[in-house]
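Protein chains: 2
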Amino acid sequence: MPEKKMPPALRFMLAARRCELQGLESLSVTCELVTRISQLVHQLQKERGYSNIYLGNQSPHYLHQLDAHSAESSLFEGQVHDCFMRMDPGQPGAADRARLFNRIAYVLHGMQELAGLRRRIRALELTPRQATQAFTRLIGGLLAVVFEAADTAVDPGITRVLVVLFNFMQGKELAGQERAAGVEGFSQGYFDSDLLQRMQQLEEGQERCFEVFAEFADDDAQALWHRVCAGETAAQLLSLRTMARRTSADARVEPSLCELWFELNTRRIDAMKQVEAHLAAGLLEHCRRSIAQAHADLDNHRTLLGRLAQMDAGSDQALLFSVHSSTLDSAPQDAIGNHLARSILDLLHEQNQRLQRVSDELKETRETLNERKLIERAKKLLMTQYQLSEDDAYTRLRQSAMERGLRLVDVAQSLLAFAARKAQDNPRSDKNPRA
Amino acid sequence: MPEKKMPPALRFMLAARRCELQGLESLSVTCELVTRISQLVHQLQKERGYSNIYLGNQSPHYLHQLDAHSAESSLFEGQVHDCFMRMDPGQPGAADRARLFNRIAYVLHGMQELAGLRRRIRALELTPRQATQAFTRLIGGLLAVVFEAADTAVDPGITRVLVVLFNFMQGKELAGQERAAGVEGFSQGYFDSDLLQRMQQLEEGQERCFEVFAEFADDDAQALWHRVCAGETAAQLLSLRTMARRTSADARVEPSLCELWFELNTRRIDAMKQVEAHLAAGLLEHCRRSIAQAHADLDNHRTLLGRLAQMDAGSDQALLFSVHSSTLDSAPQDAIGNHLARSILDLLHEQNQRLQRVSDELKETRETLNERKLIERAKKLLMTQYQLSEDDAYTRLRQSAMERGLRLVDVAQSLLAFAARKAQDNPRSDKNPRA
Numbered sequence: 001m002p003e004k005k006m007p008p009a010l011r012f013m014l015a016a017r018r019c020e021l022q023g024l025e026s027l028s029v030t031c032e033l034v035t036r037i038s039q040l041v042h043q044l045q046k047e048r049g050y051s052n053i054y055l056g057n058q059s060p061h062y063l064h065q066l067d068a069h070s071a072e073s074s075l076f077e078g079q080v081h082d083c084f085m086r087m088d089p090g091q092p093g094a095a096d097r098a099r100l101f102n103r104i105a106y107v108l109h110g111m112q113e114l115a116g117l118r119r120r121i122r123a124l125e126l127t128p129r130q131a132t133q134a135f136t137r138l139i140g141g142l143l144a145v146v147f148e149a150a151d152t153a154v155d156p157g158i159t160r161v162l163v164v165l166f167n168f169m170q171g172k173e174l175a176g177q178e179r180a181a182g183v184e185g186f187s188q189g190y191f192d193s194d195l196l197q198r199m200q201q202l203e204e205g206q207e208r209c210f211e212v213f214a215e216f217a218d219d220d221a222q223a224l225w226h227r228v229c230a231g232e233t234a235a236q237l238l239s240l241r242t243m244a245r246r247t248s249a250d251a252r253v254e255p256s257l258c259e260l261w262f263e264l265n266t267r268r269i270d271a272m273k274q275v276e277a278h279l280a281a282g283l284l285e286h287c288r289r290s291i292a293q294a295h296a297d298l299d300n301h302r303t304l305l306g307r308l309a310q311m312d313a314g315s316d317q318a319l320l321f322s323v324h325s326s327t328l329d330s331a332p333q334d335a336i337g338n339h340l341a342r343s344i345l346d347l348l349h350e351q352n353q354r355l356q357r358v359s360d361e362l363k364e365t366r367e368t369l370n371e372r373k374l375i376e377r378a379k380k381l382l383m384t385q386y387q388l389s390e391d392d393a394y395t396r397l398r399q400s401a402m403e404r405g406l407r408l409v410d411v412a413q414s415l416l417a418f419a420a421r422k423a424q425d426n427p428r429s430d431k432n433p434r435a
Numbered sequence: 001m002p003e004k005k006m007p008p009a010l011r012f013m014l015a016a017r018r019c020e021l022q023g024l025e026s027l028s029v030t031c032e033l034v035t036r037i038s039q040l041v042h043q044l045q046k047e048r049g050y051s052n053i054y055l056g057n058q059s060p061h062y063l064h065q066l067d068a069h070s071a072e073s074s075l076f077e078g079q080v081h082d083c084f085m086r087m088d089p090g091q092p093g094a095a096d097r098a099r100l101f102n103r104i105a106y107v108l109h110g111m112q113e114l115a116g117l118r119r120r121i122r123a124l125e126l127t128p129r130q131a132t133q134a135f136t137r138l139i140g141g142l143l144a145v146v147f148e149a150a151d152t153a154v155d156p157g158i159t160r161v162l163v164v165l166f167n168f169m170q171g172k173e174l175a176g177q178e179r180a181a182g183v184e185g186f187s188q189g190y191f192d193s194d195l196l197q198r199m200q201q202l203e204e205g206q207e208r209c210f211e212v213f214a215e216f217a218d219d220d221a222q223a224l225w226h227r228v229c230a231g232e233t234a235a236q237l238l239s240l241r242t243m244a245r246r247t248s249a250d251a252r253v254e255p256s257l258c259e260l261w262f263e264l265n266t267r268r269i270d271a272m273k274q275v276e277a278h279l280a281a282g283l284l285e286h287c288r289r290s291i292a293q294a295h296a297d298l299d300n301h302r303t304l305l306g307r308l309a310q311m312d313a314g315s316d317q318a319l320l321f322s323v324h325s326s327t328l329d330s331a332p333q334d335a336i337g338n339h340l341a342r343s344i345l346d347l348l349h350e351q352n353q354r355l356q357r358v359s360d361e362l363k364e365t366r367e368t369l370n371e372r373k374l375i376e377r378a379k380k381l382l383m384t385q386y387q388l389s390e391d392d393a394y395t396r397l398r399q400s401a402m403e404r405g406l407r408l409v410d411v412a413q414s415l416l417a418f419a420a421r422k423a424q425d426n427p428r429s430d431k432n433p434r435a
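Those protein sequences? They're chains V and B, same order as listed. Residue numbering for the first sequence follows full-length UniProt numbering, starting at 1 and increasing by one per position. Residue numbering for the second sequence follows full-length UniProt numbering, starting at 1 and increasing by one per position.
The hints are simulated quantities; they were obtained by calculation from the structure and are not laboratory data. None of the values given here were measured: they were computed from a predicted structure. Do not rely on the hints blindly, as some may be mistaken.
The list makes no distinction among identical chains, and a pair is therefore deemed to hold if it is satisfied within one copy or across any two copies.
[As the list claims (entries may be wrong)] Taking lysine to any residue pairs in the SDA-like style, the calculated list, with each CA pair at most 20 Å apart, reads:
hint : residue 1 : residue 2
1    : K422      : D360
2    : K5        : Q112
3    : K380      : S359
4    : K273      : F76
5    : K373      : N352
6    : K373      : L408
7    : K380      : G205
8    : K373      : L362
9    : K363      : D151
10   : K363      : Q413
11   : K4        : D82
12   : K363      : G231
Please take these sequences and the hints and turn them into a complete structure.
See below:
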C-alpha cells in the first residue's frame, strides 16, 4: 500500500522513523566535518610549532619547513571550508544548529586571519608567544565546533564516539601547547615559576581529557593509546619534564635541549594522531552503519505497516481500531483485543520505548560534555569576577575542590549556581526581553 | 550588501540567528496544536462524564445531553486532526520530532476508535469503568503530545508556559478522573477501600500538578486559579470528599448525592477551563511576540553585518580580520585591535553568550518535566517487575520516599538508576545494535 493511502496513524509512525533517519543523515555531514577538522587541527599544530621555532632562531632552514607546513595547512583549510559551505547556511535548519553555526562563524573569521598571521610571522613582527596565541585561538574555535557537533548529535553511539574524539583532540591540543611552553623554557635555558605552573596545568589538563577518553573509547583505540604512553618517547619526555622543573635563572640547562624537547613532543603528537585517525575512521564507520540500519528498519517498518493497513482495509470491521486496545504506556489489561489492533499498539509501544531509551542514553553521554563545559564556565566566571588569569582561575578552582574533598565539576557547579542565584536576586535592568 | 556576497563568517552568524527564528516559527504551529488539544480534552472530559452517567442510569434525558457532547467533541477532534495533517509527516523533519510523531500516531489511532466506542456506549455494551478507561487512554495520549511539545520547544519562555499548561491540563484531567471515581462511589451509595485509595491518589496527583503550575505561572493565571480554589464550589466539594471517606458498605449515603457530586465537579472543571484558556491565550501571545522580536533582531543583525562587511570591503586592509583580535571566550587582552574587528568579535561573543544562556534556561525548565517523567517511569517499572497496579506502584514509591525522608523524584531516580545498572550487568543478547 502506498504511504499516502495509509491511515494517518501509520503515516505518523513512519514519519517518526524517518525523522530518526534524517537526523542520522545530517549527522553524517557533521561527522565528516569533524574528521576534516581533526586533520586541519593537526596541521595547524605543526605550523604553530614551526612558527615558534622560526621566530625563536630565524634560521632559513626552519623557514623552509614552515613554508611547507603552511602550504599543507592551506590545503586542509580548504577542505574544512568546503565542508562548511556544503552545510549551506542559507537553507532552513533546525533550531539546535544555532550554536554550531555561531561557532563556525568564529572559525571562518579566524581562517581569514591566517594570511595576515603568516605574513607577520615571516616579517618577524610577532613574538613566539603572540604567534602561539593566534594559532591556539583558531584551534580552540575548531575544537568548539567539534564540541557542538557532539552536543547536538542525535544517536547515542555516535555521540559517544564524538565525546571520545573531542576529548582526545582536546588532550592532543594541550600536548601541543605544552610543546610550545617547553620550547619557550628550554630555548631561554630555564623555566620561571609562571611557566612551570603553566606546564603543570597543561599536563593535568591532558590527564583529565585522556581519562574521559579511556572511559568511553573502544578496545582498539585504548590499545593504540596504551602503546603511545608506554613507548620510549614517553619515558624520555618524562625525564625532560623533570629536568625542566629543576631549572631556574641560576640553574640553567643547555638551550639546545629545546630541539630534543620539540622533536620528542612532535613524535608523541604524531603518534596521538594515529589514535585520532583510528577514532575518526570509527566515527565515519559508525555513521554509515547506523544509517544503513535505519534505512533497513524504515523499509521493514513500511512493509509491515502497509500489510497491516491492507488487512484492515480488507476486513469487514475496522479491525485496526478496536476499543479493546491496550494503552501506549501500560501492559495490556484485557485479553479480548484482536490480533491486528494488538500488533499496531505493540509497534507503537515498542517504538516509544526505544525512543525513550535513545533519549536517556543521549542525555547520559552528553552529561560528560556538560561537566567539561561547567568547569570552563566556572573558570571564566572567576576570571571576570576577580580579574584572574586563566591559570590562576583554574588553580583556585582546584584548590577549593581539594580543600572541600569534592570533584572539580561539583565545585564548578556550585559556583555557577551561586552566581546564578545572586544574579536573580539583583537582576540587571534589561530592555530586550529575549536577551 | 546582499547576504550572498557577505563574507562567510557573517553569513554563518546570520544563519545562527535564522535557525532560532525558524525554531520559533515551527514552535508556533505546535503551540496552536496544543491550544486545540486543550479544547478537545475538555470536551472529551465532558463526554466521558456524560457517558458514565448515561451508562449508570440509562435515562433518555442524559442520552440527549450525551449526543450533544459527542457532536461537539467531533468538532474539536476535526480541528486537532487538521492541525496534525498540517504538520505534514511526509516532509523532512528534525530528528527531535520522532517522539512527537509517535505520540501523534497513538492519538490518531485512538481517535479512530471513538466511533466504535460511542456506538458501544449507546448499545450499553460497556460498563461505566470500561468507557471511562477508553476515554482516559485517549486523553492521556493527547496529554503526552503536549508533554513532547513542551520537551522539545526551543524557547525558554515558551517552554515555561508549556510546562505550566501541561501541568494544569494534567491536574484538570485528574480532577475529571476524580469526578468519575466519585460518581462510581456515590451512585452505589458507598466507597470501598480501593475506591477511596484511588480518590486519595487522584487528589494528591492534582496537588503535585498545581504546585508546579503555581511555581511557574504568571500572576494573572495564579489569581484566576486562586479564585477557583477559594470559591463556594470548592468548599462544598471538600465536604463531599469528607463524607465519601466516612462511607462503608454498612454506612451508605443517599445515591442521589451522585448528581450533586457530578454537578459540583463539573463546575470546578469548567472554572479550571477558564484558567486553561488564559494560559493557552498567553502561549499564543508569547509565541507571536517572540517571533516578532526574532524577526526584528534578524533584520537588525542583517543590516549591521551588511554595513560592517561594506566597510571592510571598502578599506585598504582586510580590517575585518585582524590578527589582534580577542578570543571568543575570553576578555580582550590587547588594546591594539581596530574598532571594526572588535565589533565583529563582540557580536560573535554576545551571540555565543546569549545562546548559552538560552540553552541553560531550557535545560532548567525541562528538568521540571523530567521529574514527572521519572516518577511515571519508576511507577511503570514497579508495575512490570512486581505485577502491581498503577495505584499500588505509586503507593509503594511514596512510602519508600516517606520512610527515607526523600523527595518522590529522588526515590524514582535511584530506582531507575539501580534497574539500569542491573540491566548493564546482565545485558540481554540483542541482535539489533541500534535498538
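Right, here's what the structure says about each hint:
| no. | hint | result |
| --- | --- | --- |
| 1 | K422 <-> D360 | between (32 Å within a copy, 16 Å between copies) |
| 2 | K5 <-> Q112 | between (53 Å within a copy, 15 Å between copies) |
| 3 | K380 <-> S359 | between (30 Å within a copy, 17 Å between copies) |
| 4 | K273 <-> F76 | within (15 Å within a copy, 61 Å between copies) |
| 5 | K373 <-> N352 | between (31 Å within a copy, 13 Å between copies) |
| 6 | K373 <-> L408 | within (12 Å within a copy, 29 Å between copies) |
| 7 | K380 <-> G205 | within (16 Å within a copy, 43 Å between copies) |
| 8 | K373 <-> L362 | both (16 Å within a copy, 16 Å between copies) |
| 9 | K363 <-> D151 | both (10 Å within a copy, 13 Å between copies) |
| 10 | K363 <-> Q413 | both (18 Å within a copy, 14 Å between copies) |
| 11 | K4 <-> D82 | between (37 Å within a copy, 16 Å between copies) |
| 12 | K363 <-> G231 | neither (37 Å within a copy, 44 Å between copies) |
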